[in-house]
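Asker: Based on the provided sequences and hints, a complete structural model is requested.
There are 2 protein chains.
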Amino acid sequence: MSDANQTIDELGRRARDAAADLALRSRGEKDAVLLAMADALVAATDEILAANAQDVERGRAGDIGDAMIDRLTLTAERIAAIADQVRGVAALPDPVGEVVRGYTMPNGVRVQQIRVPMGVVGIIYEGRPNVTVDGAVLCLKSGNAVLLRGSSSAASSNAALVEILRRTAAEHGFPADAIQGVPSEDRATVSALLHARGLVDVVIPRGGAGLIQHVVTNSTVPVIETGVGNVHVYVDSSADEEMALAITENSKVRRPSVCNAAETLLVHHDVAESFLPKIAQRLRAAGVTLHADEQSRAILGDDAVPATDEDWDTEYLSLDLAVGVVDSLDAAVGHIREHGSGHTEAIVTSSLEAARRFSMQVDAAAVMVNASTAFTDGGEFGFGAEIGISTQKLHARGPMALPELTTTTYLVQGEGQIRGAS
Amino acid sequence: MSDANQTIDELGRRARDAAADLALRSRGEKDAVLLAMADALVAATDEILAANAQDVERGRAGDIGDAMIDRLTLTAERIAAIADQVRGVAALPDPVGEVVRGYTMPNGVRVQQIRVPMGVVGIIYEGRPNVTVDGAVLCLKSGNAVLLRGSSSAASSNAALVEILRRTAAEHGFPADAIQGVPSEDRATVSALLHARGLVDVVIPRGGAGLIQHVVTNSTVPVIETGVGNVHVYVDSSADEEMALAITENSKVRRPSVCNAAETLLVHHDVAESFLPKIAQRLRAAGVTLHADEQSRAILGDDAVPATDEDWDTEYLSLDLAVGVVDSLDAAVGHIREHGSGHTEAIVTSSLEAARRFSMQVDAAAVMVNASTAFTDGGEFGFGAEIGISTQKLHARGPMALPELTTTTYLVQGEGQIRGAS
Numbered sequence: 001m002s003d004a005n006q007t008i009d010e011l012g013r014r015a016r017d018a019a020a021d022l023a024l025r026s027r028g029e030k031d032a033v034l035l036a037m038a039d040a041l042v043a044a045t046d047e048i049l050a051a052n053a054q055d056v057e058r059g060r061a062g063d064i065g066d067a068m069i070d071r072l073t074l075t076a077e078r079i080a081a082i083a084d085q086v087r088g089v090a091a092l093p094d095p096v097g098e099v100v101r102g103y104t105m106p107n108g109v110r111v112q113q114i115r116v117p118m119g120v121v122g123i124i125y126e127g128r129p130n131v132t133v134d135g136a137v138l139c140l141k142s143g144n145a146v147l148l149r150g151s152s153s154a155a156s157s158n159a160a161l162v163e164i165l166r167r168t169a170a171e172h173g174f175p176a177d178a179i180q181g182v183p184s185e186d187r188a189t190v191s192a193l194l195h196a197r198g199l200v201d202v203v204i205p206r207g208g209a210g211l212i213q214h215v216v217t218n219s220t221v222p223v224i225e226t227g228v229g230n231v232h233v234y235v236d237s238s239a240d241e242e243m244a245l246a247i248t249e250n251s252k253v254r255r256p257s258v259c260n261a262a263e264t265l266l267v268h269h270d271v272a273e274s275f276l277p278k279i280a281q282r283l284r285a286a287g288v289t290l291h292a293d294e295q296s297r298a299i300l301g302d303d304a305v306p307a308t309d310e311d312w313d314t315e316y317l318s319l320d321l322a323v324g325v326v327d328s329l330d331a332a333v334g335h336i337r338e339h340g341s342g343h344t345e346a347i348v349t350s351s352l353e354a355a356r357r358f359s360m361q362v363d364a365a366a367v368m369v370n371a372s373t374a375f376t377d378g379g380e381f382g383f384g385a386e387i388g389i390s391t392q393k394l395h396a397r398g399p400m401a402l403p404e405l406t407t408t409t410y411l412v413q414g415e416g417q418i419r420g421a422s
Numbered sequence: 001m002s003d004a005n006q007t008i009d010e011l012g013r014r015a016r017d018a019a020a021d022l023a024l025r026s027r028g029e030k031d032a033v034l035l036a037m038a039d040a041l042v043a044a045t046d047e048i049l050a051a052n053a054q055d056v057e058r059g060r061a062g063d064i065g066d067a068m069i070d071r072l073t074l075t076a077e078r079i080a081a082i083a084d085q086v087r088g089v090a091a092l093p094d095p096v097g098e099v100v101r102g103y104t105m106p107n108g109v110r111v112q113q114i115r116v117p118m119g120v121v122g123i124i125y126e127g128r129p130n131v132t133v134d135g136a137v138l139c140l141k142s143g144n145a146v147l148l149r150g151s152s153s154a155a156s157s158n159a160a161l162v163e164i165l166r167r168t169a170a171e172h173g174f175p176a177d178a179i180q181g182v183p184s185e186d187r188a189t190v191s192a193l194l195h196a197r198g199l200v201d202v203v204i205p206r207g208g209a210g211l212i213q214h215v216v217t218n219s220t221v222p223v224i225e226t227g228v229g230n231v232h233v234y235v236d237s238s239a240d241e242e243m244a245l246a247i248t249e250n251s252k253v254r255r256p257s258v259c260n261a262a263e264t265l266l267v268h269h270d271v272a273e274s275f276l277p278k279i280a281q282r283l284r285a286a287g288v289t290l291h292a293d294e295q296s297r298a299i300l301g302d303d304a305v306p307a308t309d310e311d312w313d314t315e316y317l318s319l320d321l322a323v324g325v326v327d328s329l330d331a332a333v334g335h336i337r338e339h340g341s342g343h344t345e346a347i348v349t350s351s352l353e354a355a356r357r358f359s360m361q362v363d364a365a366a367v368m369v370n371a372s373t374a375f376t377d378g379g380e381f382g383f384g385a386e387i388g389i390s391t392q393k394l395h396a397r398g399p400m401a402l403p404e405l406t407t408t409t410y411l412v413q414g415e416g417q418i419r420g421a422s
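As you go down the protein sequences, you meet chains A and B in turn.
Quick note: the first sequence uses UniProt numbering, first residue 1, plus one each step.
Quick note: the second sequence uses UniProt numbering, first residue 1, plus one each step.
Do not rely on the hints blindly, as some may be mistaken.
[What the hints assert, rightly or not] Covered by chain A, per the in silico footprint, the following chain B stretches (three or more residues, Cβ under 8 Å): (1) 12 to 26; (2) 69 to 78; (3) 101 to 110; (4) 130 to 144; (5) 217 to 223; (6) 291 to 298; (7) 378 to 385.
[What the hints assert, rightly or not] Some chain A residues judged to face chain B by a derived CB distance under 8 Å, without partners named: (8) 31; (9) 35; (10) 216; (11) 222; (12) 258; (13) 352; (14) 375; (15) 393; (16) 409.
Derived from the structure by calculation, the hints contain no laboratory data.
Cβ atoms here follow ideal geometry from the backbone N, Cα and C, with glycine treated the same way.
Answerer: So this is what it looks like as C-alpha cells:
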C-alpha cells in the first residue's frame, strides 16, 4: 500500500467509526454542536486570519493570480459570514429519520423507507477555505463523517478551520473524526480517496472543470458531479425586449465567476437586428467582451470579436460572452443539446408553446423561463444551504442540500411472516 | 476508435435520438405499445423457442451446468409469464412528469422539480433472457432508451426478443432504436459501454458478484450497483423460537438462488443450544449443508461441516448456510457490518430495544424485523416491477422500479425576475 493509500485507509476507518456514532445523534445534539462551532469560528478569528495570511503570502509569491487570491482571502467579515452560514444550517430541518414512504403489505408486514446518512462523504475542492466549513457542517447535520481534501494553496487556512471544528466537536461529546482533513501536500491522496470503495460512500468534487473531469473519470467511489455550467440564454422571437435585456445582463454580469452565470447568448434571427446592439451596449458598459458568430458580427461590427469553435464549449467564468444568431427555437435547442453542460438553460419568450418545447427538450438540471440563470442556487430555492449544483442525473440533479447527503433504508417489520412459493 | 467503441458510439447516438423522442411520449402511447409487445411475444412463441433451443444446445455442448441451463431455458409458459409481466408494467403509473416538489419564491418565481427520463440506460446482464424484456419495457415505460448487453450464452434468445420488441415499437410509431441489443460475441463491448460517458446516462449490472464487481470498478459512466446479497438472519436471545425457525428456513430455502436468500445464520449464545439442533433438522430435511463455526459445531456435531474464513463472505446462492454463535446483539451487528453486502439483514427478536438498535446499526438496503428476508423484492413491496435491488447508497437503495429509472429537472418560471447583488 502506498503512503497515500495508507493515509486514506486510516482516515477512512476512523471516519467509518465516527459515522456509526453520528448516525445515532438526535437533531438537538447536532444543532448544539453546530451553534458552538459558529461561535468558535468567530472566537478564533485571529488564529484563522493568521493561518490564512500564510496561504495568501505563499499564493502571492507563487503568482497564482488576483482572482485566486480573492477566493483564498479571509477577512473578519468573511469569517463572520461563514459562522452565520453554520447557524443557518443548524436552523434547517434534519433530514435523517424522515419517512419517505410507508405502507402495509397485504400480509400485514409494515414497510417504511427512511432517510439515513450516507456514512462517509469525501469532498475534493479548490482554493476557497469557506468550503471547508460548509462541507463539514452540512455533512455533520446530515449525520455523515467527512473527509475534506482541499487545495494545497489553502492548506494553512483549512488546517486551522478543521482544527477548530474538531476541537469543538470533541468538547461536545462528538467524535472529532467526524471531520478530518486529508493532507494536500501529496497529490496522490486525491487518487487514493477516489479509489477508497467500501470506506468512502460518495465523493463530491467542488471546483473547476479540470478538477471535476479528473474526479468523474478516475473515481471508483460513486461521484456526484457538480458545477460546470456552460449556461445559455436564448432570446426567442417573441421575447419582451426589455425583459430579455435585463435577464441577459443579470445572467452574465451579476457574478461572472459562478457556475450559474451565462456563457452563451443565442438570439432568434427575427429580433437580432434590434436586440443585439442594445445588449452589446449594456454589456460593454459592464466590461463584457462579446465573442460573436458571423451573423452577429454583421450586426455588431467591431463591438465584438470573432467567435472560435472553442468559444461555444467554454465556461469563461469571466466577463466574456459567446453570441450567436439562430434561425429557430429548434436550432437553439440543438445548439444547447450539443454544447450545454446540463446545468442551467434559459429562454426569454412570450410564447407558451416555445416555453414548453424548450423546457422539455433541453436536457438540464434547471430550465429558466423568463427568469435569470442566477436563480439556480440552493439559497434561492429555499434549501438554506448548498453543497454544490449537481449536473449529473443520478441521485441528485440541481442544487444539493441536506436531503441529497442522505440515502434511505427500508425498515420492514412483521410478526413472523414468511413468503410463499410464488 | 476500436471496433467495440465504434459500435457503442453508433448505438449510443441512435439511442440518444430515440430518447429525445421517447421523453415526449404520453403514458397512453407508451402503454399501447407495451400491450402490443406482450401480445407480440406470445404470438412469436415458436420463433422465440427456436432461438432459445439454439442457446440451450450450445450451452449443453459447452457444459455450463444445470443451474445455468435452467436460467437460460424458455418454455411457452415462461414466455406467457414474461408477457404478463409486460402487461403489469403497462398497468403501472408513469413516473415521468410527476411534480416532486413545487413552490413559489418570495419574488414570485415558481419552481417545480419534475421527474424526467434519464435518457439512455445501459443494462449488462447474464444468462436469463427474461431480463431482456424486463429491462426493455421498464426503460420504455420510464421514457428511456436502452442498450441491452446480455450474455453470449443467450445471444440467440436475446436477439429474437429484441427483434420482436423493436418490430412492435416501429409498428406503433415508436423509434425502434429505443431498444437496442449490444453485440455479445465481442467482450470489448462491455468495456466500451462502461466508458460511454456523455452517451449513456447510467449503467445497471444484473448478475453475479463477479460481473457487478467488474462493472463498478471499471465504469466511468455512473453505475447503480445491484444484487449481491450476503444476507444474514440473526436470532436474538429474546426470539420466539417457532418464528425464528420459520423465518430462517424460509429465508434460506424458499429460493436459494436469488439475492435476498439468507447466507449466514447468527444465533445468540443463550438460545443456541435449543435452537441450533431444531433448525439443523429442518434445514437438513430441505437439503441444506451447514458450515458452522466452532461453537455451533460443539452443539451440532457432525450435522455441520466446519466453516472456513471464506464462508462468512460467500454468497452461496445454493443450499448452503454459514452458521455462527454470537455473544451479544453487538457482536451480531459487528459481524454483519464486517461481512454484509448491504442488501438485507434480518433480526428475530421480541425486544423492542434490540429491534431498534439492530435496525439503526446494520447498514443495509433493507432491515427485516421478524419477517423473512425473501420480502426484499419490488413485487412484494408493491412496486409492480423490479429492475434490480440496489445495494449502493447513491440514487436508489433497495428494490428499484420505475421512479428509480428517472431523474428530475427544476423548471423555473418567472415574468422577467432578475437576482439582486447579494
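Asker: I'd like to know which numbered hints this structure contradicts. Please list them from smallest to largest.
Answerer: Result: hints 2, 4, 6, 8, 9, 12 and 13 break, sorted rising.
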